[in-house]
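If you read the sequences in order, they're chains P and Y.
Just remember that the numbering used here sits 722 ahead of the position in the first sequence, which is counted from 1.
Just remember that the numbering used here sits 19 ahead of the position in the second sequence, which is counted from 1.
Because the hints were derived from the structure by calculation, they are not lab data.
Cβ-to-Cβ under 8 Å is the rule here; a few derived chain Y residues that face chain P:
| id | residue |
| --- | --- |
| 1 | 20 |
| 2 | 123 |
| 3 | 124 |
| 4 | 125 |
| 5 | 129 |
Quick reminder that beta carbons are idealized off the backbone N, C-alpha and C, glycines included.
Chain by chain, the residues:
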Amino acid sequence: MFRVTRRYQFAASHRLHSDALSEAENWRVYGKCNNPYGHGHNYVLHVSACGPVGDSGMVVNPNLLDCLVKQEVLQPFDHSNLNCDVQSFQGVTPTSENLAIEICRRLKQNWRLAFAGEWPRLEKVRIEETPRNIFEIRADEIE
Amino acid sequence: MFGLAANPHGHGHNYVLEVSVEGQPDPVTGMVLDLKELKDLLRREVVEPYDHRFLNYEVAPFDRIIPTAENIAQDIWRRLEPHLSTPGRKLRVVRLYETPDLYVDYLGEQTCSV
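Chain P on its own, in the form it takes in the complex:
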């Protein structure tokens, strides 16, 4: 079995804040990330698909994956304010955990539009918020 991973980058801003917490609790939990004016990251996204090689010698046609990721992630998220511009973060704190879940959900829901056959399958999504803070989720962990 093979796993093929493609890496992408996008820039976005966010503010970590929970309406369920008081101002003091938000500051205690999120620290500087609770700054009311938000802050930004150059996110690095790894998308992994797995499967056997086809007649082309490839598991995934990278152009098809690029189109899907561009449509579902890069166009809506790049240079966006995640709290304000992304519907699914209305009422959900855009931590990188939740960002990874949202990206994985979008790719999983639309996977069949790009890849109609049994293979390749979306395996996992990895978000690097910084080179030191890295988050992964497997596609079989979400709806």
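Given the structure of chain P, go ahead and fit chain Y onto it with the hints provided.
Same frame as chain P, but now just chain Y:
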């Protein structure tokens, strides 16, 4: 299908290879694998036959199969596996970076989680 990669005159990459081996440390040496041995093995089985070669013309089996990153990773596994897998040790992953933005893991008979 292949776009620019189908140029009849070929094209090149600075491939980066990562090899992962899993096992228990030897009770005497404290090592799963002697990294010097691994280094020598990689030089002999991969770097010497592959480095600065036109894969399609000069490196079997790519006279018969397309030298995609997937097929190269599988061929590297085939070359390394007999030397690395022993009763207490297993070759787990051959990871080949074609570019920093595109890499392939060959997992042998192991399946993915999905």
